[in-house]
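Asks: Using the sequences and the hints given, assemble the complete structure.
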Amino acid sequence: MKVSIIRPTNDPTAFALGRWAPPVRKAIKSSGHTLCADLRGRACTRAAFEEAVRASDVAFYFGHGEYDRLFGKASLLDAENVEVTSGRIVMAVACSSARDLGKKAVKAGALGYLGFTERLILPLKNQFALGAFRKASIAGMLCLLQGGSLKRAHSQMTQAFDKVVNYFIDGPGQGAIDVIHGGFIWMSAFWNQAHIKLLTKKSAGPRTRSAVAARP
Amino acid sequence: MKKQEEQKVIAVLQAWAADHPAPDQPILQLAYGKQYSANQIVREIRGHSAAGQTLLKMFDLALRSYPLQEVLDSFRTKSSRQAAEETAAVAGAH
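So the protein lines, in turn, are chains A and B. In terms of this note's numbering, the first sequence opens at residue 1 and continues consecutively. In terms of this note's numbering, the second sequence opens at residue 1 and continues consecutively.
The hints are simulated quantities; they were obtained by calculation from the structure and are not laboratory data. Do not rely on the hints blindly, as some may be mistaken.
The list that follows gives simulated cross-link-like pairs (lysine-lysine, DSSO-like), each with its CA atoms no further than 27 Å apart [to be verified]:
1) A:K103 <-> B:K57
2) B:K57 <-> A:K135
3) A:K2 <-> A:K125
4) A:K125 <-> A:K151
5) B:K2 <-> A:K125
6) B:K57 <-> A:K125
7) B:K57 <-> A:K163
8) A:K135 <-> B:K34
9) A:K73 <-> B:K34
10) B:K34 <-> A:K197
11) B:K8 <-> A:K125
12) A:K103 <-> A:K151
13) A:K26 <-> A:K104
14) B:K57 <-> A:K197
15) A:K26 <-> A:K107
16) A:K135 <-> A:K163
17) A:K104 <-> B:K57
Replies: Here is the structure:
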C-alpha cells in the first residue's frame, strides 16, 4: 500500500513527536509498502498535506492536534478539507483530533481514523518511559503495516499502553526505575490509553483489509 | 472527583513536590506544548487552571480503576509510604 508520513516539526513538541516517525518509516520500507511522502518542516503546508494524503492509502501524522483539526504552522486537516481522507486511513499521534475531526473524516468517507480524543500527556525526565510511550503510540501503525486490521491496530496500541501502566504501577518500574516520576508516568500512560479511539464505518474492517492487501 | 479525594491528592502532591530534587524543572508535558515542573503541577491543580483541570481529570480517571491509596502511594517514596501507613494504622486504632 501507499503510505505517507506527515510531521510538521514546527515547534519543539511537534519536533519531538516527529522523531517518533523513523521506526515507522523503516517499517514501511521493510514490509514492502511504498513511502509516498515524508513531509516535514516547511514542506508541510496545507496543499502538500492534501497532496500527500490524496496520493496515499494510509497517512501517518505526528504533531499537533485539536478536537477539530491537525495543524502545524497552518491548519493541515479540518472540516474544510477533510474529504481528502475519503477512501483512506488516517492514524494521528496528536492531541484530541479523534474526537471531532475523526468523526468528520469517517463521515466524509475515510476508511478509518485512529488517534486520541484528549490531550496527550507525556513524561519528560524518564527516557525509558518516553521510549515506551513512543512504542505504544506507533504500535497501531506498525500493526497495520504488518497486515493487521484497523481493529487489531487499535487493540495493539491499547495493549502497548497497558503494558506501560502495569510496568510502572505494580511491575518492575514501581519505585525501581523512577521513584519520583513513576506516579505521573503510569497515570499519563493510563490517560493516553483511555483516550485512544478508532473510528470506522461499520463495514470498514474487512473492506480495509482487502483494500490494503490489494494495493501493493 | 470528590472534594475530599481532591484534597488528599493535593496534600500528597505537595509532599511529593517538596521532596522532589528539582521541583522547578519541567517533568511533564501536555502535548499541545506546555511543560510543567512539580511545583507548577501543584499550583495548576490548586488553582483549577485548564492544565490543572486536565491533571485532575487524569487523577479522576485513575481513581475509577484503582483504589485511592494505590494512586497516592505511587507518589510516595518507600519511607513516606511506610510513614503514611503507620499514621493510618494509628488513626484506625483510635
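Asks: Hint by hint, note whether the structure agrees.
Replies: Comparing the hints with the structure gives:
Note on A:K103 and B:K57: the hinted pairing holds, with a Cα-Cα distance of about 23 Å set against a maximum of 27 Å. The hinted pair formed by B:K57 and A:K135 meets the criterion: a straight-line CA distance of about 24 Å does not exceed 27 Å. Taking the CA atoms of A:K2 and A:K125, the gap is near 36 Å; set against the 27 Å cutoff, the hint is violated. A distance of roughly 33 Å separates the Cα atoms of A:K125 and A:K151; the hinted pair therefore is violated under the 27 Å criterion.
Of the pairs offered as hints, the one joining B:K2 and A:K125 is violated, with about 30 Å between alpha carbons and a cut-off of 27 Å exceeded. As the CA atoms of B:K57 and A:K125 are separated by approximately 22 Å, the hinted pair is consistent with the 27 Å bound. For a cut-off of 27 Å, the pair hint linking B:K57 to A:K163 stands: about 21 Å separates their Cα positions. Taking the CA atoms of A:K135 and B:K34, the gap is about 22 Å. The hint holds against a cut of 27 Å.
Only pairs whose Cα atoms come within 27 Å are accepted, and A:K73 paired with B:K34 is accepted, the gap being roughly 17 Å. For the hint linking B:K34 to A:K197, the alpha-carbon distance of about 23 Å falls within 27 Å, and the restraint holds. Annotation: proposed proximity of B:K8 to A:K125 holds, straight-line Cα distance about 25 Å (limit 27 Å). Only pairs whose Cα atoms come within 27 Å are accepted, and A:K103 paired with A:K151 is accepted, the gap being roughly 16 Å.
This hinted pair does not check out: A:K26 and A:K104 have alpha carbons roughly 30 Å apart, beyond 27 Å. For the suggested pair B:K57 and A:K197, the alpha carbons sit about 18 Å apart, so the restraint of at most 27 Å is met. A threshold of 27 Å between alpha carbons decides the hint, and for A:K26 with A:K107 the separation of about 31 Å lies outside it, so the pair is violated. Distance restraint check for A:K135 and A:K163: the Cα-Cα separation of roughly 11 Å lies within the 27 Å cut-off, and the hinted pair is therefore satisfied.
For a cut-off of 27 Å, the pair hint linking A:K104 to B:K57 stands: about 26 Å separates their Cα positions.
Going through the hint list in order, the structure does not satisfy hints 3, 4, 5, 13, 15.
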